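Peer 1: Each chain, letter by letter, is given below.
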Amino acid sequence: MDKIFTISVIVGVPVSLIGAFLEWPSILMFIIYCLSIIALAGLIGRATESLAIVMGPRIGGLLNATFGNAVELIISIFSLKAGLVGIVLASLTGSVIGNLLLVAGLSFFVGGLKYKRQSFSIHEARHNAGLLIFAVIIAFVVPEVFSSAMNEQKTMGLSIGISIILIVLYFAALLFKFVTHRGVYQSNDKREQDAQAEEEPEWGRFKAIIVLAVATIAVAFISEHLVGTFDDIGQAFGWSELFIGIIIVAIVGNAAEHASAIIMAFKNKMDVAIEIAIGSTLQVAMFVLPILVLLSLLFSTTMPLVFTWPELISMVTSVLLIIMLTIDGDTNWFEGLILLAAYTIMGIGFYFI
Amino acid sequence: MDKIFTISVIVGVPVSLIGAFLEWPSILMFIIYCLSIIALAGLIGRATESLAIVMGPRIGGLLNATFGNAVELIISIFSLKAGLVGIVLASLTGSVIGNLLLVAGLSFFVGGLKYKRQSFSIHEARHNAGLLIFAVIIAFVVPEVFSSAMNEQKTMGLSIGISIILIVLYFAALLFKFVTHRGVYQSNDKREQDAQAEEEPEWGRFKAIIVLAVATIAVAFISEHLVGTFDDIGQAFGWSELFIGIIIVAIVGNAAEHASAIIMAFKNKMDVAIEIAIGSTLQVAMFVLPILVLLSLLFSTTMPLVFTWPELISMVTSVLLIIMLTIDGDTNWFEGLILLAAYTIMGIGFYFI
Amino acid sequence: MDKIFTISVIVGVPVSLIGAFLEWPSILMFIIYCLSIIALAGLIGRATESLAIVMGPRIGGLLNATFGNAVELIISIFSLKAGLVGIVLASLTGSVIGNLLLVAGLSFFVGGLKYKRQSFSIHEARHNAGLLIFAVIIAFVVPEVFSSAMNEQKTMGLSIGISIILIVLYFAALLFKFVTHRGVYQSNDKREQDAQAEEEPEWGRFKAIIVLAVATIAVAFISEHLVGTFDDIGQAFGWSELFIGIIIVAIVGNAAEHASAIIMAFKNKMDVAIEIAIGSTLQVAMFVLPILVLLSLLFSTTMPLVFTWPELISMVTSVLLIIMLTIDGDTNWFEGLILLAAYTIMGIGFYFI
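Protein chains in written order, with the UniProt record's numbering: chain A, 1 to 353; chain B, 1 to 353; chain C, 1 to 353.
Keep in mind that a hint or two might mislead.
One copy or any two copies: either way a pair holds, since identical chains are not told apart in the list.
Unchecked claim - Listed next, the in silico DSSO-like pairs over lysine-lysine satisfying Cα-Cα at most 27 Å (straight line):
id, residue 1, residue 2
1, K207, K81
2, K177, K269
3, K116, K177
4, K267, K114
5, K3, K114
6, K114, K207
7, K269, K81
8, K114, K177
9, K177, K267
10, K154, K114
11, K207, K3
12, K81, K154
13, K267, K3
Hints in this document: simulated from the structure, not taken from any laboratory. All values derive from a computational prediction rather than experimental measurement.
Could you build all of it, start to finish, from the sequences and the hints given here?
Peer 2: As structure tokens, this is what we get:
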């Protein structure tokens, strides 16, 4: 698995450079860019993980929380710079429903084919559920509903306020999880703690930092070119901006997470699989998105925290579904299938819109 | 109880025939049709149950799942043929909120008057809760919200896609319940299993099939005439199409289920009462309704999966309420009363609309 | 604490009278009125509590349930008389989200700074959750959605019907809690029962009734004048009617509850803190508000049960959040912070609107 990623990077990045320079056809380059980014995201994930182990749990948690969605952040910044506010919101929506429905759904389903019942920490599930309701059902719904009675300036003011609150609460959640309440709710499953104790970093500190830096720069470069192909791709396949953002960009940006969550589920490490799926969602909703709202103030087109109604409703209903299915700390193949069915319904919806 | 049904059928069906032939006044015929259908539904229920026992649990579960709402399916097909798409969606909405609020509410309330606390399987409740959120809050909400940005053709395309997914998931749920995870979650309440072991069919296979066939044909005949009286009834009582569909047709179509759920609650068999109320809801939402959407392609007026907002909101909020009240596996009279109060509020709403 | 309240009353009420007579500037009087009402609410609370202990648990519960929000009821009646229907609905919305997010949030946060984990009865939490969904998500949402297809008269008819059902269910809930199921769900925490057994009233019956009567009259008098200052205050600070109602009036009307809930949380009596926060919400939603709808029939401007969308969505999402955070019977500082963050988001929203 890891080797495939490494080879893809070694081949994909130079080909991306050459193709961009020689102006190969958009569809071909779109595919090359996507594959290269998926491979680079895998590298960034491994580097972050190694660094997290070296640095200890607290700074490690912070590193994971900040770099975990680096690829999405970078793609989004270039989209923002190009004024494609709609695509940024769409791809973040896609990231949320992709993680909650597709990543979690595949994990539950594949894991459930091997094991009759799989379990994970109820406390973790409830903690995440509270944050999901806060971020998606309050912080995203309020500006949507309130902004219909506001002018553009007030909407942006509200968006900025909410973004700051989201970021503050995101770091407060890390403080809660890694400092004040570390291990408080874990009494009954020490397995995980033991597992963590054994962990050895794949790479040393120096190598990890170098890989992280180089891969991030490469992603940035390719992302900028990827964004430039959206127009041609949309016309070639008859896909709307919304569909490209929500389904395509989201799958590309999260491919590495998809792979590792499923592998963890197959190893019956459901706590890790859940952490990847839901933790990543919270990262996008409470860190990446608000950072982008604030960054947009530096660009010519500002981005308010206002989704389209289909986007918002997709996220809200996904949150309700995943909460219902995870709140009992128990999964099986059928619960995975429900999530996948929900993802398919939304995919069809965004295709037709 | 059973005798009353049998006598009602023996009297009601011929009177329906004669009345229809002699063109008796609409209001009288409306009442006769309704009573006859209620009685026939009781017969169909008994025949299906006998057949289910004879055929064993797997095919039996399938039979119950398919014929359980045969009456509603038949009435709806005739309404669809008459182009009354609005009434079909209304009566299915009525069936959903009627089962979730009225049937469950009466069961909890009546059972609760006799027993201080009544309990049932938490696992079953959670399984149902996941399906209710999937079917009502995702599969019904998505086309509602997305279709406002779609033309008629795309809306129908989305409706067809969702209908197929609903039906597939419905059968997957049966597979999960009766094959792959049969008994997996039942360790702590073997009572039910024992009770099932004792069950004897009321009728033999042959008699059950005959009754099923004849009663179904009679329901079909009467339903067609019942649909024809809606116009006159609406004018006579000042009832809107919506009110007739949601309250009247739904009560008539589900009367047999109402009766048996309450009897089960009174016998403290809450698992069965819940299964009737919520299982029947899921059947309507995941089987009857999508089948009707697909069947409507054969008629001149197609039926998209798009409810009116009051219908949709009634279903969504009913789902949230029933999940909250059943998720702890414990009921009492007051929880029943909450459900009945919610039903009354919606009834008043649909009356005034 | 109690002494400060008593002194505030002794100083505040005469100053209010003099200021009103001499027509001091609105902003000054607004502040004096608010402080006096907060102090009087404290007195009313203590009188009600003393009386409740003297009269025994059943009538005591009824007294608490009726007089607990007497101040809000009185302010609202004067607003209603002045035709300020919008402010009444806004202040009740503010009371609901203020209790659910600010009072509960501060309690959880402050209590959580002292204790790592605080717990309370799961059964109570679930009972409250069911009522919150019924009152806010069904009884408030249905008229909102249905009324868009109704004329004014039908909307009022629906509002009256729902109000009666809310009041009936409110008293049924008291019957359930204090009569039919008293102690049924409390087997595992007898602490509270013991604590109740020890309780001694602060004042005798006679003194309590006198204080209650005099303080209520004083609140009524001051409230009438307070309502008269809203116009000037709004203009002076650039606050909308909505913001004054939802944030300012709600904080003033509930200040006494805020104080006692936080004190209880600090003493680790989370059951009482929760009862104040959520019980008070239910009182407003199921008793104060429907009473006001019915009373409005006596005034020139009737008040339908129809909120603005931002108000309704704020209440609905607050309910979902508090249910998720309390359903496990366990709180900590971070859950308190989530609630406070949600309140801040809504506060910013109503400020900008």
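Peer 1: Now tell me, hint by hint, if it's right for this structure.
Peer 2: Hints, one by one, checked against the model:
1. K207 / K81: neither (31 Å within a copy, 71 Å between copies)
2. K177 / K269: Answer is both; intra-copy 19 Å and inter-copy 25 Å each pass.
3. K116 / K177: Answer is between: at 12 Å across copies they meet the 27 Å cutoff, but 30 Å inside does not.
4. K267 / K114: within (9 Å within a copy, 40 Å between copies)
5. K3 / K114: within (26 Å within a copy, 50 Å between copies)
6. K114 / K207: Neither: 37 Å inside a chain and 44 Å across chains, both beyond 27 Å.
7. K269 / K81: neither (40 Å within a copy, 53 Å between copies)
8. K114 / K177: between (31 Å within a copy, 17 Å between copies)
9. K177 / K267: Both: 24 Å inside a copy, 25 Å across copies.
10. K154 / K114: Neither. Shortest intra-copy (52 Å) and inter-copy (39 Å) distances fail the 27 Å Cα cut-off.
11. K207 / K3: Classified as within: same-chain Cα gap 17 Å, cross-chain 67 Å, threshold 27 Å.
12. K81 / K154: within (22 Å within a copy, 33 Å between copies)
13. K267 / K3: Classified as within; 20 Å inside a copy, 58 Å across copies.
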